[in-house]
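First to last, the sequence lines map onto chains A and B.
Read in this note's numbering, the first sequence has 20 at position 20, and its numbers run on one by one without any break.
Read in this note's numbering, the second sequence has 87 at position 87, and its numbers run on one by one without any break.
Derived from the structure by calculation, the hints contain no laboratory data.
Computed from a predicted model, the values in this text were never measured in an experiment.
Warning: the hint list may mix true and false statements.
Stated by the list, open to error - Subject to a maximum C-alpha distance of 25 Å in a straight line, what follows is the list of computed SDA-like cross-link-like pairs (lysine to any residue): (1) B:26 / A:32; (2) A:42 / B:52; (3) B:26 / A:82; (4) A:42 / A:82; (5) A:37 / B:8.
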Amino acid sequence: GENVEQHPSTLSVQEGDSAVIKCTYSDSASNYFPWYKQELGKRPQLIIDIRSNVGEKKDQRIAVTLNKTAKHFSLHITETQPEDSAVYFCAARPHTGGFKTIFGAGTRLFVKA
Amino acid sequence: DAGVTQSPTHLIKTRGQQVTLRCSPKSGHDTVSWYQQALGQGPQFIFQYYEEEERQRGNFPDRFSGHQFPNYSSELNVNALLLGDSALYLCASSQLAGTDTQYFGPGTRLTVL
Numbered sequence: 001g002e003n004v005e006q007h008p009s010t011l012s013v014q015e016g017d018s019a020v021i022k023c024t025y026s027d028s029a030s031n032y033f034p035w036y037k038q039e040l041g042k043r044p045q046l047i048i049d050i051r052s053n054v055g056e057k058k059d060q061r062i063a064v065t066l067n068k069t070a071k072h073f074s075l076h077i078t079e080t081q082p083e084d085s086a087v088y089f090c091a092a093r094p095h096t097g098g099f100k101t102i103f104g105a106g107t108r109l110f111v112k113a
Numbered sequence: 001d002a003g004v005t006q007s008p009t010h011l012i013k014t015r016g017q018q019v020t021l022r023c024s025p026k027s028g029h030d031t032v033s034w035y036q037q038a039l040g041q042g043p044q045f046i047f048q049y050y051e052e053e054e055r056q057r058g059n060f061p062d063r064f065s066g067h068q069f070p071n072y073s074s075e076l077n078v079n080a081l082l083l084g085d086s087a088l089y090l091c092a093s094s095q096l097a098g099t100d101t102q103y104f105g106p107g108t109r110l111t112v113l
């Protein structure tokens, strides 16, 4: 069935370093890949998204890359700050029969000051 | 411009009871999706409503049902509650029949005792 795998489950970096979170998806027809940040007790907030006709997208310190052949996509956060500490979810929207979104299990990012 | 709102914020029920959760989409949005987020996991797609009809459904039993009203607001109903139904229930809205970016509400925390 449709599946999104996310790694690592936990990531700890020093302030100022970069953080990379990787995801793979199973449905090759997926065409939309959003990333959400969820702080403790709060709603998931969209931080960046990419569509299947684009290989890379950047927004200030955040960038996402997509490799459709390998069915991989990644989130890159540069110059990390303590306020980047949160749980990050990748997701994919399969194109088979509807518009549901499949989420990964999440990566808990700790940025140490 | 109000974002996605949900009510109630918290709810405590006992096994076997029934519950109704409510969602008002962001202004201009016509599609509502419901997700279940268990502790420490990513959101799991329950179903999506558009034009007052259930358009797609995830792997959830018939105990989970919903409704969308002419003003695009939505309800999620869960019958015969089980302990395993305890979770954060998130509503997400989008426009353009669900093809566009979706935005999450704050969620309803349901505890089943």
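Structure-based check of all given hints:
Distance hint between residue 26 (chain B) and residue 32 (chain A) is fulfilled; the C-alpha atoms sit about 21 Å from each other, no more than 25 Å. For the hint linking residue 42 (chain A) to residue 52 (chain B), the alpha-carbon distance of about 28 Å lies beyond 25 Å, and the restraint is violated. This hinted pair does not check out: residue 26 (chain B) and residue 82 (chain A) have alpha carbons roughly 30 Å apart, beyond 25 Å. As the CA atoms of residue 42 (chain A) and residue 82 (chain A) are separated by approximately 17 Å, the hinted pair is consistent with the 25 Å bound.
At roughly 23 Å between alpha-carbon atoms, residue 37 (chain A) and residue 8 (chain B) fall within 25 Å of each other, so this suggested pair holds.
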